[in-house]
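2 protein chains.
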Amino acid sequence: MLVRLLGWMAALVAASLSPLAQAEDGYDLWLRYARADDTRSQAIASHATALVTTGNSATMAAIRAELQRGVGGLTGGTIADSQSVQAGALWLATPEAGAVLPVKTDGLGQEGYAIRSITRDGKPVTLLAANSEFGLLHGAYHWLRLAQTGASLDALDIRSAPRIGLRLLNHWDNLDGTVERGYAGQSIWDWWRLPDWKGPRYTDYARANASIGINGTVLNNVNAKADSLTAPYIAKAAALADIFRPYGIKVYLSVKWTAPMELDGLKTADPLDPQVAAWWKAKADEIYRAIPDFGGFLVKANSEGQPGPQDYKRTHADGANMLAAAVKPHGGIVMWRAFVYAHDNPDDRAKQAYSDFKPLDGRFAENVIVQVKNGAIDFQPREPFHPLFGAMPKTPLMMEFQITKEYLGQSTHLTYLGPLFEEVLRADTFAKGKGSTVAKVIDGSLEGHRLTGIAGVANIGADRDWSGSIFNQADWYAFGRMAWDTSLTADAVARDWAAMTFSPDPRVVQPVVAMMMGSREAAVDYMTPLGLAHIMATGHHYGPGPWVSNLARPEWNPVYYHKADARGVGFDRTRTGSNAVAQYAPPIAKMLSKPETTPERDLLWFHHVPWTYKLKSGDTLWDAMVHHYDLGVDYVAQMRATWDALRPYIDAERFAETQSFLGIQAREAKWWRDACITYFQSKSGLPLPPGSAAPAHDLGYYEALSFPYAPGHH
Amino acid sequence: MLVRLLGWMAALVAASLSPLAQAEDGYDLWLRYARADDTRSQAIASHATALVTTGNSATMAAIRAELQRGVGGLTGGTIADSQSVQAGALWLATPEAGAVLPVKTDGLGQEGYAIRSITRDGKPVTLLAANSEFGLLHGAYHWLRLAQTGASLDALDIRSAPRIGLRLLNHWDNLDGTVERGYAGQSIWDWWRLPDWKGPRYTDYARANASIGINGTVLNNVNAKADSLTAPYIAKAAALADIFRPYGIKVYLSVKWTAPMELDGLKTADPLDPQVAAWWKAKADEIYRAIPDFGGFLVKANSEGQPGPQDYKRTHADGANMLAAAVKPHGGIVMWRAFVYAHDNPDDRAKQAYSDFKPLDGRFAENVIVQVKNGAIDFQPREPFHPLFGAMPKTPLMMEFQITKEYLGQSTHLTYLGPLFEEVLRADTFAKGKGSTVAKVIDGSLEGHRLTGIAGVANIGADRDWSGSIFNQADWYAFGRMAWDTSLTADAVARDWAAMTFSPDPRVVQPVVAMMMGSREAAVDYMTPLGLAHIMATGHHYGPGPWVSNLARPEWNPVYYHKADARGVGFDRTRTGSNAVAQYAPPIAKMLSKPETTPERDLLWFHHVPWTYKLKSGDTLWDAMVHHYDLGVDYVAQMRATWDALRPYIDAERFAETQSFLGIQAREAKWWRDACITYFQSKSGLPLPPGSAAPAHDLGYYEALSFPYAPGHH
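Chains as they are written, first to last, in our numbering: chain G, 1 to 714; chain V, 715 to 1428.
Keep in mind that the hints were calculated from the coordinates and are not lab data.
Among the hints, erroneous ones may be present.
[Said to hold, decoys possible] Examples of chain G residues toward chain V, derived with CB under 7 Å:
(1) Leu175
(2) Asp176
(3) Gly185
(4) Gln186
(5) Trp192
(6) Glu653
(7) Gln659
(8) Gly663
(9) Tyr709
(10) Pro711
[As the list claims (entries may be wrong)] Simulated pairs of lysine-lysine, DSS-like, Cα-Cα distance not exceeding 25 Å:
(11) Lys1277(V) / Lys1308(V)
(12) Lys250(G) / Lys225(G)
(13) Lys198(G) / Lys1384(V)
(14) Lys981(V) / Lys964(V)
(15) Lys1330(V) / Lys1304(V)
(16) Lys670(G) / Lys1308(V)
[Claimed, not checked] A few chain V residues that face chain G, going by a derived Cβ cut-off under 8 Å, partial list only:
(17) Gly891
(18) Asp941
(19) Leu1165
(20) Ala1176
(21) Ser1374
(22) Ile1378
The C-beta atom is built at its ideal place from N, Cα and C for all residues, glycine as well.
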């Protein structure tokens, strides 16, 4: 009997190992729940002897399933469902469940949770308490994270609740399955076969997002098609909403301003036209009939060719408020993007969003939030924080980060965005004196706003690994974690991610985190050091193009941004130039008014300085620029060596993919360095500093390179 | 100790079941090697006690790995590698390996194999013998198929060798990752990250193809970009060739005729210009340096806007022979497509390929093969065989089937193509008297050609399940099996596929095969019964469009094909019409010259007949047409019921996907039926026969439907 049992189990083990699908291919993200070593496994099992829950909602079923999956994977055992609290139980409870809880849930809101190790009838128990099942869901993922990362499960006393209300992904996904600035394959939304076919990936998407606290998703590209508001597409969105609902994730839609004209033949899209308002109201009613908890609309208007209220001589506020009135009876909101610049406005592009929106402060309806990119240009490797943050005290402002790395190496460069997020969130606007950080602007605490939000442009596609590379998954992860808790450090988040994604073994976590933490600065160094920006090649933004000067609109050309000439380099945004610095609060504006007081990392963003300008290090600007390019290249070489040494600890497929991508990154970092140095040298006329290698080719070579099939550009 | 072992195994089992990746998601295709029941498992294990092989080539390693994977999955055990033949061994040998084999390998060629149960030194052994390692590879897959399908492994005496030399997939994959007529996501070729990143999917692609005997793949769309011949893209193709080589699969490229002009500024692409010929020779040399066993070129020229030799007043033969000379020193070939029709030719489109190519018979170089679609129009649900088959005795002709279902329901209709392949291959051309089947034309036996080929336009994409649906995998499978052995029946192939893909349990195989076998006829019925053709909607070919009459070229319009009017319907291709029937051999031409002797399934392809024309059944044409539309809809309803009853036997994900797609198919079959009946009734003016339901909407409704985001149309 025992022999037969052994034989059967051996067979099952062998069978389970044989099919193709079982490799570590990245699909499981940070929710791998790989078998823990014996010590950890026993520790986890001893804190999960039973699972005590109440209720049969889809959310509770999801929580139980996730805990079973997690504990099952980590320990090889199962957790028995139990009605009563026993020693070592995980006890999940809300006040509504009737029990008087030994943990207060005040202040946790509808999404937060507390986890505490308590004694109940003399038995040690882990209590997870929250005001709602969504709170329990987030708490369950927190507990599983502790288990996955090898943290102690003893003597827990955790309270966590998000400071920011809307934590959203923005999908720039088109209805034809392409993804604008997507580097991970087609859209994960199978629009064509929705609402009929609802594959399991949608549920895994919801699990992944819920595990990091994301609570909403804008399904379609901000460059929207009117079709997304037709009945068939509303039904498709509703099918997704049904899947996401148990995970506390709402769906939102981007809308095209002229939809009433395109879909129903209205003569105008003037927001003050009653027929237009009535159309949107009826459309909102139609959507809410299909999706009762629909989140609301995201709007890109009067930007980059998109139509908008200004076409009718109305303001952004007129437009936003009309839409807001349509969704307000249903509890919906409008997210109105501040990313605008006009082809007929000769002013510094960096100033235009502020110029357009600052005068509208206080004129938006209460269910409107203005969505502002982290910087004033466009998701560059580094930008100073956007001057609108802190400048519109009467208006809720929402952060827009770009998780997909349009400008930071796309799918193959390892450039962890955690430090970028951290840098922006901690930037001090001085709007109400020192300590007025961007984080406090967007969490509403600075001005007492209750409608608060943060969005990340998703890096998710149909590629098996979701994000185009294993390390790109870290950016999705970091966005969610830091949106939930803006006080988290990029380092702490990277540690959790590395432990969950690869192994909690410090021989893995330490070097992986070390690679990640310097990687964004390395990209800044080999692409756009010292405040350079937007010198990428045309359209696809793949690779360097500092020489580009032939595009129709001035602000599309790299030369517009760096203004390199024989005298020097950089964009004068002081009073002698565009005076964009005046858009910042006085202490910042003053600091930025002179090169000497401007942080050197932002120097060329704000100043045109001579090639021989002396930096604090004593180096000339030219020498320092070359040095930064070299540093970036060197860092990538260092990452390659670090990764190669990790081979014994990483599964074969993920090891090989990352190794291959680091090879691409090394080649491309050198290409960036060589091309940019060659180009800027043609302006500076200066020799390379000693020890810096000559570029591999002449400028003509780099200028002639062309990449007609670069991805993400539609 | 035993307890610990048990605990460890239980843990491993549980762990192996927990991660996301382990569901049956279709990725494993027909190579699932799912655990067999005890009886089968023991039978398999008893015939695989040891694996005796010689040699350490990559091909031998692939064979060993596949047998390990297969036997491991099916039985839970492993096969030990052994140097000597023991009882129950699998013994793989080629004559070159030195041993005098007890099985003759004469006549097996370089790809065939023999499998025989023999006794060696008194021990029962299964000998797999072949002239080459590729033969052993195919034989190993044959043996594994027997094991997977529950066939007996005793007393084997099998000999198999392909009659057709080139058995290729044609990928209509574009360099930007889209796939023309692809319904399974993006291209599986990650051109952007090749040649650096070579993911495991490429190997699985090679395994799947090798398992069904496919030995070549044309990587890029016949609507080719010149860029595919640049150095970077040659390097990418070479990386794929390196992966496929051990599996006996060569790579080929589609070429754009004007590549010498586009890439290197030549002033002409005239095939008789020495500079043009020199350019292609140098390009071929460059390719062969990177890919020594490169297969050759596929060309679409002077067709649908593609450039070609006729632009220079040269013939297709002039063009093909110039390219052939470039690849000949390297052993390469040229596949020249006969799919041509000219915008300035008012003749029946169905006649034009024959008219262009028949006069060129005997004028092609010996390493040129002309690739002819199965029918004279374009991959319709049913077409009579192409009149070129049998009409060019001095020229090798290659079959082009379309595996991707551009006109047969795309990704969501279950329409098994095996019966279509079988019908075409067995069609009798009468070129050299009765029995001159299409199969004999393309296998070279009819005219003694040694260069022989068959191609299928792939239905493969980056979707997890490869082909857009589980059942679409059967079309890939059937193409390969029937290309290897044109005498196989669609039914036998379906049985193997169903057993391998789902389960050899007859409670599964019987109903699944029953569904499949009638499904293509059902599609003919609900789309284009009685010889109708090409009445699909414009461009994407999704759904019905018999009313379309506004396209620029006459032969793009459905009304061109059905010619329905008050008097009747159908295309007169007899002497009173286009006389296309004269392109067939006299016995066929005579049969087709009158409606009464024309097979009714092809009636409207060849004749314009009155609505009241009496069919053999006694029904009028109109009543019969409606009846066929009803039959098609009814068949889909029947498939749904059959599938629903299979729920206990099919894993959840694949069951749900198929159930969902059958729901789509049922809705769309009814749409096809209703729209076509409504339209044709507007011409016939006749009432529906008794018992036939009125269409759901009026004609205006169907005409107004539009699908701007239908997939596969680029």
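Consistency of the hints with the structure:
no., hint, result
1, Leu175, "holds, 5 Å"
2, Asp176, "holds, 5 Å"
3, Gly185, "holds, 6 Å"
4, Gln186, "holds, 5 Å"
5, Trp192, "holds, 6 Å"
6, Glu653, "holds, 6 Å"
7, Gln659, "violated, 9 Å"
8, Gly663, "holds, 6 Å"
9, Tyr709, "holds, 5 Å"
10, Pro711, "holds, 6 Å"
11, Lys1277(V) / Lys1308(V), "holds, 18 Å"
12, Lys250(G) / Lys225(G), "holds, 21 Å"
13, Lys198(G) / Lys1384(V), "holds, 22 Å"
14, Lys981(V) / Lys964(V), "violated, 33 Å"
15, Lys1330(V) / Lys1304(V), "holds, 19 Å"
16, Lys670(G) / Lys1308(V), "violated, 73 Å"
17, Gly891, "holds, 7 Å"
18, Asp941, "holds, 7 Å"
19, Leu1165, "violated, 34 Å"
20, Ala1176, "holds, 6 Å"
21, Ser1374, "holds, 4 Å"
22, Ile1378, "holds, 5 Å"
Violation of the numbered hints given earlier is confined to hints 7, 14, 16, 19; the remaining hints are satisfied by the structure.
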